[in-house]
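Chains as they are written, first to last, in the numbering used here: chain A, 1 to 452; chain B, 1001 to 1088.
Keep in mind that a hint or two might mislead.
Lysine-lysine pairs mimicking DSS-like chemistry, simulated, CA-CA at most 30 Å apart [said to hold, decoys possible]:
1) 1009(B) / 1063(B)
2) 46(A) / 347(A)
3) 427(A) / 377(A)
4) 347(A) / 260(A)
5) 1009(B) / 441(A)
6) 347(A) / 329(A)
7) 377(A) / 1057(B)
8) 1057(B) / 1009(B)
9) 398(A) / 441(A)
10) 347(A) / 423(A)
11) 1009(B) / 398(A)
12) 398(A) / 427(A)
13) 1063(B) / 398(A)
14) 441(A) / 1057(B)
15) 377(A) / 398(A)
16) 1063(B) / 347(A)
17) 377(A) / 1009(B)
18) 377(A) / 1063(B)
19) 1057(B) / 260(A)
20) 347(A) / 427(A)
21) 377(A) / 347(A)
22) 377(A) / 423(A)
23) 296(A) / 347(A)
24) 260(A) / 1063(B)
Computed far set for chain B versus chain A, every beta-carbon distance over 12 Å [stated by the list, open to error]:
25) 1001
26) 1003
27) 1007
28) 1071
29) 1088
To be clear, the hints were calculated from the coordinates, so they are not data collected in a lab.
Just so you know, even glycine gets a beta-carbon here, dropped at the ideal spot from N, CA and C.
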Amino acid sequence: MTAEYLHPLTTRRAGEMIAHGPAGDVRVDQFLTQAKALSRKLPDHKYVINLAADRYAFLLGFCAAVIAGQCTLMPPNRQRQTLQTLADEYGDCYSFGDAGLDNMECFDSNFPVEGTIDPGVPGIPDDQLCAIAFTSGSTGKSTPNRKYWRTIRVSTQSNIDLLLEDRTGPMHLLATVPPQHMWGFETSVLLPLFCDVAVSYLTPFFPQDIADALASLDQPRALVSSPVHLDALLNANVGDVRIDCIYSATAPMTAELAQKLEDRFAAAVIEIFGCSEAGTFAARHTASESLWRLSKSFALTIGENGALISAAHLPEDVALQDVVELVDKDHFRWLGRHQDMVNIAGKRASLADLNHRLNAIPGVIDGVIFTPDDTSKRLAALVVAPGLEPSDILDELKRGLEPAFLPRPVYVVPMLPRQETGKLARKMVVELFEETRRSRKAEYEGPADDAT
Amino acid sequence: MQPQSDHEKEVAELIVECLNLEDIAASDIAPEEPLFGEGLGLDSIDALELALAITQKYAVQLKADDANIQEVFGSLRSLSAYIAQEAA
Chain A
1 MTAEYLHPLT TRRAGEMIAH GPAGDVRVDQ FLTQAKALSR KLPDHKYVIN
51 LAADRYAFLL GFCAAVIAGQ CTLMPPNRQR QTLQTLADEY GDCYSFGDAG
101 LDNMECFDSN FPVEGTIDPG VPGIPDDQLC AIAFTSGSTG KSTPNRKYWR
151 TIRVSTQSNI DLLLEDRTGP MHLLATVPPQ HMWGFETSVL LPLFCDVAVS
201 YLTPFFPQDI ADALASLDQP RALVSSPVHL DALLNANVGD VRIDCIYSAT
251 APMTAELAQK LEDRFAAAVI EIFGCSEAGT FAARHTASES LWRLSKSFAL
301 TIGENGALIS AAHLPEDVAL QDVVELVDKD HFRWLGRHQD MVNIAGKRAS
351 LADLNHRLNA IPGVIDGVIF TPDDTSKRLA ALVVAPGLEP SDILDELKRG
401 LEPAFLPRPV YVVPMLPRQE TGKLARKMVV ELFEETRRSR KAEYEGPADD
451 AT
Chain B
1001 MQPQSDHEKE VAELIVECLN LEDIAASDIA PEEPLFGEGL GLDSIDALEL
1051 ALAITQKYAV QLKADDANIQ EVFGSLRSLS AYIAQEAA
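When you get a sec, could you build the whole thing from the sequences and use the hints?
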């Protein structure tokens, strides 16, 4: 390996602030000393499942693993089944920061730091596999997305251009999304390594927690979040708190929500477009822009099989799960998701897979899971299953599905409106759903005064 | 099933209404059964929506650090008790 393939772990200067940890502010030189010390103590395995909830511990664990030449696995959730699948697939692994499975070696980051380690910046080979992100979804087996050091450093530079635009000087960042999620990883873990961002170790959930955590940070402040969290923050009456930049991803944001957030917090609201496979590749000011601005590091092409994202720093081209229209080479318009794909709570699932699971339940004769309308946060189901209650069906689905994908409500109906060919038209399904909902509501509430 | 108090009944109605739990009647929510996971099968998005509805109706801010939030959201009874205590 020659030196030209080595690139620094961080481009930050020694005295700058990189994180706000549980024990106080952390400078870059302190962080480097800790990461290098930690890298020497890590168990000797090829893979590490980083489960740290403390974001600074995650950052340390990730960087120590990179220095030690280990690859960090980022599970889409903490469910036993998910971790077991990872452990089976990547046998030579241990968990970091939090116990994963009973039979898995766990390494905790609480260790004394030796003072004799020089804080010089390690060089990392560009072709080193540093992380594998997994597309979150309903299926037990998810596709691995490999992140080489080259991918990581080039895509972070692209994100700095998209997110920070022409801002200079330090920024204090808080994220409500976990560091293991690609969106949280790119922003709260990688940005601090390559630009003047100091990240908070906290991952607040409730609106008041978010406001308190923000208030504890110096200004200017950035908040990395999702439309669900931001909508709650907007409506929860948390008092005055100054936020300079709000970054949103994981689900589409309406222009109305973006505008309200800008008005309420005097913040610039930037929505990003990306996926686990390619990372972030476009952004827009949602309150005033409908078109997406493509990062200079990426190219978007529309072919027979849909939209394709390519970049020199990606191991392979990525087919998008979205239908988009190219306006010019730097801008595109989002038209919707592919019909089979649904995105609930930032997790992706194939409707075909969900429907397969539903129809595999003993006692289910016919059934369909679908999205009732474009704005719904939940799926719904119509099921032909004489003798089964909706709760029985949900109990069966719960066995192998993320809760986010459980349909709500589930209506048991006499039959589905199938055409002669056996096809189910979406329009007919939605009509039957609306009709059933109306009659169930009437049943539940009793006859209304104006009932005919 | 243990009977719901008047306050618990009110909170149960709020849960059913704000989360669109059409398959469940408010009066069917057992006060000591879990709301999340195994019980009603609610998830974190529900927790956020519910927290927001509680803030708007009772002016109570739920916070993860001032109580064991898992316990507060553990059942209709614990959630109702928390609201009553904080709103007082």
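Hint check, failures only: Violated hints: none; all satisfied.
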